[in-house]
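Kindly generate the complete structure, drawing on both the sequences and the hints.
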Amino acid sequence: MRQSVGSSVRVFNERDGEWAGEISVLKKDRGNVLLHSCERPAVATRGVELLFAPLKRDATELVIRMGTELGVTRFRPVITERTNTHRLNLERLSVIATEAAEQCERLDVPEIRVPVPLRVALSEWPEDRVLFAALERRPGEGADMQAAALLIGPEGGFSGPEVEMLHRHKAVHALTLGPLVLRAETAVCAGLARLAGGGEGMARG
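Our numbering puts the first residue of the sequence shown at 22, with every later residue one more than the last.
These aren't lab readings, by the way, just hints derived from the structure by calculation. Hints may contain errors.
So the derived label-pair ranges between C-beta atoms look like this [to be verified]:
1) Leu201 - Arg103: 15 to 21 Å
2) Cys59 - Asn110: 31 to 37 Å
3) Val137 - Asp50: 48 to 54 Å
4) Ser180 - Arg31: 26 to 32 Å
5) Lys48 - Glu120: 36 to 42 Å
6) Asn53 - Met186: 49 to 55 Å
7) Leu111 - Ser29: 21 to 27 Å
8) Leu203 - Arg108: 22 to 28 Å
9) Glu148 - Glu123: 36 to 42 Å
10) Ser144 - Arg23: 46 to 52 Å
A virtual CB, placed ideally from N, CA and C, is assigned to each residue, including glycine.
Okay, structure coming up:
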């Protein structure tokens, strides 16, 4: 919707919360808002980090949008053996995350990291922080949900050596998403919903 000087707007960020105000200056590349009242105080989103293998453009954008709406606090793209694209437009993805945050009335916008190889992400991952990896056809059982993160693989799944690498990492737990093979973007929703539901269907990696 096009705005003009005098229009009522709401602005937000993760530090100051949401404020009602009025546009006082509006130029082509910037503007000023006169703030009137705080509508909602800043509250940090309690979600998980999402590590995911980049997909084709539309699918990756869908992952960012859905993940933001489901409470992801940080996106960490990881390059796997079967990743079908290594190029991401991080600026565009940040815009999509911001739009999704506005849509779901979330006050903070998740961070989107630069892609790194899976082995690098795992080498930097602390052993005392749980990382749930969505592995096809793996049994599940209860696991500690504190400071959890979720790892979703590429189309075609993780390679054999990657699965072994995940099993060797002390922080990794297997996460079953059921007997069916899901599209990667569907697996993101299913995995985040499983974590939000209390971790049913999880096992030590």
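Okay, the hints, checked on the actual structure:
Our hint of 15 to 21 Å for Leu201 and Arg103 holds, since their Cβ atoms are close to 19 Å apart. Checking the proposed 31 to 37 Å range against Cys59 and Asn110 shows it holds: the Cβ atoms sit about 34 Å from each other. In this structure the supplied range 48 to 54 Å is violated for Val137 paired with Asp50, their Cβ-Cβ distance being about 33 Å. Ser180 and Arg31 have their C-beta atoms about 47 Å apart, which leaves the hinted 26 to 32 Å range violated.
In this structure, Lys48 and Glu120 break the distance hint of 36 to 42 Å, their C-beta atoms being roughly 22 Å apart. A hinted range of 49 to 55 Å for the beta carbons of Asn53 and Met186 is consistent with their spacing of about 51 Å. Taking 21 to 27 Å as the suggested C-beta distance range, the pair Leu111 and Ser29 does not conform, at roughly 32 Å. The hinted range of 22 to 28 Å is satisfied by Leu203 and Arg108, whose Cβ atoms lie roughly 24 Å apart.
Between Glu148 and Glu123 the beta carbon distance is about 37 Å. The supplied range of 36 to 42 Å therefore holds. Against the hinted window of 46 to 52 Å, the Cβ-Cβ separation of Ser144 and Arg23 comes to about 49 Å, which satisfies the hint.
In summary, the structure is inconsistent with hints 3, 4, 5 and 7 from the numbered list given earlier, while agreeing with the others.
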